[in-house]
Every structure is written in structure tokens, then in C-alpha cells.
Amino acid sequence: MNRYPWWKYLIILAVVLPSLLYALPNFYGWYAAVEVRAPVGTLLPPVASMQDWLQAARIPVTRVVSDAAGNTFFFPNDNAQGLAETLLQNKLPASAQVVLSQMSAEPDWLSSLGGRPVNLGLDLRGGVYLLLRVDTDAVIKHALEQDSGSLRTFLRHQDLQYLAVNTIGPQRLAIEMKNATLAARAQKAVAEHYPDYAVTLQPNAVLDVTLTPDAAKRMKSDALQQAIVVIRNRIDELGVSEPVIQRQGAEHIAVQLPGVQDTQRAKSIIGSTAQLEFKMVDDQANMASALKGDLPPGTALFYGAHGTPYVLYTGTVLTGRYLSNASAGVDNESGQSIVNVSFNNEGTRIFGDLTTKNVGKRMAILLDGKVVTAPVIREAITGGRAQITGFSNLKEASNAAIELRAGALPAPVHIAEERTVGPTLGQDSIHDGVMAVIFGMLFVVLFMTFYYRAFGLIADLAILVNILAILAVLSLMGGTLTLPGIAGIVLKIGLAVDANVLVFERIREELRHGMSTRAAIDTGFKKAFATIVDSNITVLIAALVLFQFGTGAIKGFALVLTIGVITSMFTATMMSRGIIELALGKRRVQKLYI
Amino acid sequence: MELFKTRTHVNFMSRRWIFLGISALLILASLAAFLVRGLNYSIDFTGGTLVELAFSKTPDLGAVRGTLTQAGFHDAVVQTFGGDHDLLIRLRTQAGESSAVGTRILQMFQKDQVKYPDVQLRRTEYVGPEVGKELRNKGIMALIVVTLGILIYVGFRFEWRFAVGGVLAMLHDPILVVGFFAISREEFSLTVIAALLVIMGYSLNDTVVVFDRMREDLRASRSGDVAQIFNVAINETLSRTVITSFITFMVALSLFLFGGPVIHGFATALVIGVVVGTYSSIFVASPVALWLGLRREHVLKRQFLSAKDRNDGATL
Numbered sequence: 001m002n003r004y005p006w007w008k009y010l011i012i013l014a015v016v017l018p019s020l021l022y023a024l025p026n027f028y029g030w031y032a033a034v035e036v037r038a039p040v041g042t043l044l045p046p047v048a049s050m051q052d053w054l055q056a057a058r059i060p061v062t063r064v065v066s067d068a069a070g071n072t073f074f075f076p077n078d079n080a081q082g083l084a085e086t087l088l089q090n091k092l093p094a095s096a097q098v099v100l101s102q103m104s105a106e107p108d109w110l111s112s113l114g115g116r117p118v119n120l121g122l123d124l125r126g127g128v129y130l131l132l133r134v135d136t137d138a139v140i141k142h143a144l145e146q147d148s149g150s151l152r153t154f155l156r157h158q159d160l161q162y163l164a165v166n167t168i169g170p171q172r173l174a175i176e177m178k179n180a181t182l183a184a185r186a187q188k189a190v191a192e193h194y195p196d197y198a199v200t201l202q203p204n205a206v207l208d209v210t211l212t213p214d215a216a217k218r219m220k221s222d223a224l225q226q227a228i229v230v231i232r233n234r235i236d237e238l239g240v241s242e243p244v245i246q247r248q249g250a251e252h253i254a255v256q257l258p259g260v261q262d263t264q265r266a267k268s269i270i271g272s273t274a275q276l277e278f279k280m281v282d283d284q285a286n287m288a289s290a291l292k293g294d295l296p297p298g299t300a301l302f303y304g305a306h307g308t309p310y311v312l313y314t315g316t317v318l319t320g321r322y323l324s325n326a327s328a329g330v331d332n333e334s335g336q337s338i339v340n341v342s343f344n345n346e347g348t349r350i351f352g353d354l355t356t357k358n359v360g361k362r363m364a365i366l367l368d369g370k371v372v373t374a375p376v377i378r379e380a381i382t383g384g385r386a387q388i389t390g391f392s393n394l395k396e397a398s399n400a401a402i403e404l405r406a407g408a409l410p411a412p413v414h415i416a417e418e419r420t421v422g423p424t425l426g427q428d429s430i431h432d433g434v435m436a437v438i439f440g441m442l443f444v445v446l447f448m449t450f451y452y453r454a455f456g457l458i459a460d461l462a463i464l465v466n467i468l469a470i471l472a473v474l475s476l477m478g479g480t481l482t483l484p485g486i487a488g489i490v491l492k493i494g495l496a497v498d499a500n501v502l503v504f505e506r507i508r509e510e511l512r513h514g515m516s517t518r519a520a521i522d523t524g525f526k527k528a529f530a531t532i533v534d535s536n537i538t539v540l541i542a543a544l545v546l547f548q549f550g551t552g553a554i555k556g557f558a559l560v561l562t563i564g565v566i567t568s569m570f571t572a573t574m575m576s577r578g579i580i581e582l583a584l585g586k587r588r589v590q591k592l593y594i
Numbered sequence: 001m002e003l004f005k006t007r008t009h010v011n012f013m014s015r016r017w018i019f020l021g022i023s024a025l026l027i028l029a030s031l032a033a034f035l036v037r038g039l040n041y042s043i044d045f046t047g048g049t050l051v052e053l054a055f056s057k058t059p060d061l062g063a064v065r066g067t068l069t070q071a072g073f074h075d076a077v078v079q080t081f082g083g084d085h086d087l088l089i090r091l092r093t094q095a096g097e098s099s100a101v102g103t104r105i106l107q108m109f110q111k112d113q114v115k116y117p118d119v120q121l122r123r124t125e126y127v128g129p130e131v132g133k134e135l136r137n138k139g140i141m142a143l144i145v146v147t148l149g150i151l152i153y154v155g156f157r158f159e160w161r162f163a164v165g166g167v168l169a170m171l172h173d174p175i176l177v178v179g180f181f182a183i184s185r186e187e188f189s190l191t192v193i194a195a196l197l198v199i200m201g202y203s204l205n206d207t208v209v210v211f212d213r214m215r216e217d218l219r220a221s222r223s224g225d226v227a228q229i230f231n232v233a234i235n236e237t238l239s240r241t242v243i244t245s246f247i248t249f250m251v252a253l254s255l256f257l258f259g260g261p262v263i264h265g266f267a268t269a270l271v272i273g274v275v276v277g278t279y280s281s282i283f284v285a286s287p288v289a290l291w292l293g294l295r296r297e298h299v300l301k302r303q304f305l306s307a308k309d310r311n312d313g314a315t316l
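As given, the protein sequences belong to chains A and B, one line each in that order. Quick note on the UniProt record's numbering: the first sequence kicks off at 1 and runs consecutively. Quick note on the UniProt record's numbering: the second sequence kicks off at 1 and runs consecutively.
Just chain A, with the same shape it has in the complex:
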């Protein structure tokens, strides 16, 4: 009789079948594809004419899929894909996004069941990884500057006479009041009106106004969140397929751009603050004395792209916050590269008032503190549209337009870490990794078959299912397979057989002690089980810690190891046992092939 209960076979099937099914998409490979998308409000030429271009250039196309977002062209190889990208980029209008992408070649029935191949990490796919540090201190500094201004207004409005409001630390202001009575009253009023600050009364009618740690933390966190939104918008404009943008810790943002090769452009678009400001030019100022540092009150010296100095009033009259759209183009008359901006309702009103009042004066437009252009206002502009000239080429203008559309970053960002993997290295790594898996697997399979004969074959089957289960879980979880992750699979092949070895050695031992075959199998599995759990948990601890502390590729390794430990405990015990019992059936067995 088969002593293994039927419900255990059901469990085995319930694990093995989905593992096979969901590992399957990984074996279909990828189609090289190019996506063509048009941002909202722009149009693409008809698909037929794009196909004509490709045909004329003798680029083979296997399939074209059109949907609301645009068209996707499939190519038989990477070479055709690359050629097509260049061709389409040259022929299509600048606003169109041409994106290289990889499409899974799995059949439709598989994808309709939710099957999909595992994501490949940047180290295998090629692409750019950026770790950005958001300068959150700048956010606090900015907030403090603004609040010290508004505090003065507030005190004046409340008739609380003060002598001075000074910044005395990175998160601290001091208000000198006229006398102690006023100071006491001011303390109450300020504390009530500025809940982000802790207000304490100091000797000599001085109020200490300190930003509370909670408020500072919240501001920093908000800034980071906002920066993520802006960066995501910008990357969407760049046209990258499957970008990953994640918050990391209190002030870092990790960005993964698969397939991107033009690192420089990606970095400059993601990294620039894109703070658009409009300031009035002080035309009366004497430039010679200004350059010596003798500036009229309320003005400051700013520079243009080629080092041209401007004396500008420090007050910002309008910022990029009031923009509703920005697009790059070429001016019909002058042939210059320009950015057309349009303002939202409030911006239109402010800009209209401003230009009405200042006809004949010059207004400077600054991007990240640098003067882009400083045109003379010829007439009142009330239509809410303006044209920014002064870009040296169309590329510069379209980069600026992307940044302006996506909005300004709340604080400057710095690149803390950057890793670029070229496509050839990624392909080599996949090849090397697969080779290591094949050779590792081959060795283990041959050795186990040779050493444990029939039982060895069962162990081989267990290893195979184990690898497929790792792939399936990784695919379903949306996990990422990296080169160290592949190394993890290879290592796991070795570690996973340990459980089988433990069981088989124990069975042999019991047989030597003269136990009957059935009893030996039973005892072998039972006695080895506790040991298998104990010994796997130590590896699991290491894997989990690694997952917690590791970044990028290392995390992929930890993930594979963690999944592998869990799946191997199942395949080596329950599944192996099930197969053995099934094979032995109801027969009386005299000799085991072990």
C-alpha cells in the first residue's frame, strides 16, 4: 500500500504545477521592440507611413501593435531595433517619444493567466542606476527665510513692535522685541500662529523661535516626496520604458532607467532644479560700480550663460509654479531655438499686471539662478503666453521645456552614486550566469545520479522543480533577477541537494542497521527533517539580513536565496518523499536503489 496520504499529493501538485506554469514565460525570450508615443496634445504621423519608412530602409518588422498610447514595432533582432530607433527619431517630430523596449515573447494565453517573465536587473539588461541625494537642508533654509519674512509682517499687523528678526541657526530665529511685556504677548501670538515652531522667552525681551524636530522632519519628508513626483514626471517625458523610482531612507531617491545609454542627458534632465524665475532688471544701475560690489539697495548681480552680468532686483515677480505648459520650438522669423510657455489663470493675471505696469522696462528670465534672457517688455501681455529665447540650440531648448513641464524640484539634488551598464556587458553577464547555472546543474545531476542511483534521479527532479519554483515566485512577485541573483541560483543548487543528501544518508544508515526498506525510508525522512529545518534557518537568517541591508544587485541575490531556502525545504522533503512512495507503490520492496 502507498503510505503517503492522498492530500499530500494534492499539496505537491498545487505547488509543482503553478511553479511550472509561471516559470514558463522565462523560456520564451524577448522581442526587441520600439515604442512610439506622442505626449498629450501632439499628433503622430499615421502608422502606415512609419511602416513605409522602415520598409524603405530595409529594416525587417515582425509585428506592429497600435493602441491609444501609440505604436509598438517588433523586430527580429537587436540590430534592426537599433536602426529603427535612429530612423524613427530622425523622421518623427521632436515631440514624439521613441523608446527602446523589450516585449516578452510568451503566448497570449500565458499572459492572460498572469504569467510574465522575471524582470532583469540593470546589470543584465544594461541601463543607468542613479542614487540622488535631495538637499533637504536647503528646504529648511528656504522655509526659515520665508517665515522670517512673514513673521515681520505678522508682528507689524498685530501691533507688536519688534527691533529685529534674525536667523541665528539652521533652524532657529531670534526676535528682539521692544520690551518684556510685548515679548510675552508676542510669544503667545507667534506660538499660536506658527505651530511649526517652539517659541521660548529669553532674557532681554528676546524670543527664541526654533523649528520643532517634528516639523523639520515633515518638511524634509514632503520635499523628498515632491522631488520623487517631479523626477517621475521628468523621466516620463524622457520616454524610458519601465523606470523604477524609489525613496531610499530620509534623503535619497534611487532611480533605475533600463536600456538608457545617454547617461549625460538623463542626468542633466533629472538633476537640474529647473527653478524658473522672472525678475526685473535695474537699468539705472551703473554696471562698472556694480561689478566692484557697489550695488543699489535691493538688487544683486546675476550672470547669463556666457558670463554676461545683469543687475536685477532680488524680488522674484513670478516663478515656474504658475506655468501650465512649456514646449520647445524654432522661431519662424529669427530661426532661434525658443521655449513657448503658457501660464495658468493666476500666472496669466500676475504676468498681465506686471507687463502692463512695466512696459519699456527689461525683465530677466532665470533658470536655476542663471539669466537665460532679459527682453524688453514692448507691450502688455495679457494672453498668458510668453516666449523665452536665448537657447543655443533646439536640444537645449527641448531639455528646458521638459524640465519646466515637469515642474521644479523643491530642493537641489546631487548624484551620490551612479552606475551605468552597457548593453554588451549585460549580455555577457547573462551568458556567463547561464553557463555557471548549466555547469553547476550538470555536475550536481550527474553526481547525484551516479552516487544515489534511482534516489539520485529523484533528487535531480527535486532540484529542477526547485529552480523552476524560484523562477516562478520571482516572476510572480515582480522581483528582479540580477547577476548575483543568478549566482544565488547556482549556489542554491548546491545547498538544496544537502537536504536530499541528509535524508538519503540517513536511509542508508538505517538500512545498515538492518531496518526494513519501508521503515528505513520513513525513519530517514523523519529524523532528517528537524536537521533540515535547523540548518536551513541559519542560511535564511543570513539571506534576510542581506535583503534588509543590501542594495540593488545584492538584494536580488538575497531574494533568490530566501525563496530558494523555502522552496528547497519543500522539494527535498515532501516532494521527494511523495515520488519515492509513488514509485514503490504497494509492493514489498526488498532492495532499494540508493
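A portion of the hints provided could be inaccurate.
[Said to hold, decoys possible] Reference listing, derived: stretches of chain A covered by chain B, where coverage requires no fewer than 3 residues with Cβ under 8 angstroms from a Cβ of chain B:
(1) 406 to 419
(2) 487 to 498
(3) 522 to 536
(4) 550 to 556
[Stated by the list, open to error] Distance windows between CB atoms, simulated:
(5) ALA100/B x GLY315/A: 33 to 43 angstroms
(6) ARG321/A x GLY66/B: 48 to 58 angstroms
(7) GLU186/B x ASP78/A: 46 to 56 angstroms
(8) ILE18/B x ASP78/A: 55 to 65 angstroms
I should point out that these hints are in silico values taken from the structure, not numbers from a laboratory. The structure presented is a predicted model; accordingly, all values stated were derived computationally and were not measured. We put the beta carbon where it would ideally sit given N, CA and C, even for glycine.
We have chain A; now place chain B onto it with these hints.
Then chain B, alone, in the frame of chain A:
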């Protein structure tokens, strides 16, 4: 096939002082190498810039160095990587330097089409100084947390003398691997840290199997000769230890031979780690437990206690 037809009878415990002595010496040598020579840290930890370029023909290292020096990169370290068509160029980060350096170097070589036709970018890496420090701290933290986690687990599952022996054996292994990296000047990168953690897990995995059997045998046996029982247990599990270690060693070797240059350091650490990990579970963990005075009663205690508790409950 069976390597161990009959049970082996090697007396491991009688020579335990020799093995402990060897291990102590190796640990001292490793620590000395680590302290005196230090490790050849990768830019993961030091911060800096790394550029890997693929040339269409074997490049002249001297000429490449010359080109770099001319461009003002005086501290550039150039070496071949993987095959001899690939070059690795490493720069230490100077304060205020940015990730743009890597791109500049690439463009510099791409411009000189005559001397370097068809230069291809394999990868660039830039790690800012603050990140390098953070990664180093994270690595150290991870090692500490794994040690504590395993200590707690083994302490909970086994008697403390076993736990101490197991953890000492577990620490023994990464120390020797680090010693190897200090002596060989092999690059010590983040993936090597990952390998160290896995080695710790593996080492203890191996130890736990032996300990499990020792505990079982101690409980079953009536003799008080712990050393003798340890010997029996080690011999009983010897076939498993040898087979598993051999298989793990071979898969690590497969990674070492075929896994490619990117994970070379990782594979190197694993290959060494498997060897020392196997050694330590037999020759370090058990002798230490014995040395700490482990007796049969220690592993029986828990059973007695629980039996007594049950009795108390029944009589009341």
C-alpha cells in the same frame, strides 16, 4: 556508489588541540594581514569613479596611462579586466568631483579614433564619498546582525556550549576569507560582503547538522564519554558532510570558472568559504563545545524539566 560503505572511526577529538591551534594561528595570520596590509577595497567603499572600456584590439596599457595623465588624471589606476580587450580605469574621488568624470574619460578615448578604434563602454560606476562610507557601515552592520541573529537562534535551539562553539566556528570562516583577500590583494567589494554572509550561513548549516547528531547521540547513549560520543556523531555524519561540501564546492567552482569577471570576487570568497566552513564545523565547533565542558546532562536538562512540569501539574 557509496564512499563510506562501513562507518568510519576517525578519532577527531583526540587531536582537537592541534586543530584548534592551527585555526588560532590562521586567525592570527588573517587578522595580522588585515591590520598590516589592509584590504583592497573597491569603489563601493572608497568612493570614486570606475570606467570599464572594451577595445577592439588589445590596448597598450602604457599609452592608455599616458593619455590619462595628459588629460590630468594623475592618480588613475589602469588594469586589464576579464579578457585582455577590456580595461578597468579607476579614479579616487576628489572633493567636489562629480559623476561626470566617467563620461569625460569615455569621450576622451572615443575621440581618438586612430589610436583606439571602436571603443565601447562596458560600464561606469561612480560612488560619492558619503555613499561609500554608508555602504561600509551597512556592510559591518549586516555582519553584526547576522552574527547576533544566528547566535540567538542557535542559543535557543541548542545548549549554550554548542551555541558558542557554533558561532566561534562561524566567525572563524569569514575571518580567514578576509585574511585571504588581504594577502592576495583581490578586490574587496560589496558582493564579497554578501558572500561572507552566505559563508556564515553555510558554515553554521554544516555545524548544526553535526550538532544535531551529537545531541541525538548524547541523549541515546548511557556512556558519559562526551568526546567519544562526539567522535561517533562526526563519523556518522561524515559521509553527508563530505558529499554536501563537495557539491557546494563544485557549484562555487562553477561560478568561479564560468560566472564571469563581474562576480569573480564573490565566487572566490565562496570557494574558500566552503572549504574553511566545512573544516570549522568539524575541527572548531565541536572541540570548542567540548572544551567548554559540555556533558550529557546539559542536553537532557530540558527533557527532565518538561517532564517534571507535567508531573507537578498532574499532582496538583
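Okay, the hints, checked on the actual structure:
no.	hint	in the structure
1	406 to 419	holds (count 6)
2	487 to 498	holds (count 8)
3	522 to 536	holds (count 6)
4	550 to 556	holds (count 4)
5	ALA100/B x GLY315/A: 33 to 43 angstroms	holds (34 angstroms)
6	ARG321/A x GLY66/B: 48 to 58 angstroms	holds (52 angstroms)
7	GLU186/B x ASP78/A: 46 to 56 angstroms	violated (34 angstroms)
8	ILE18/B x ASP78/A: 55 to 65 angstroms	holds (60 angstroms)
Checked against the numbered hints above, the structure breaks only hint 7 and satisfies the rest.
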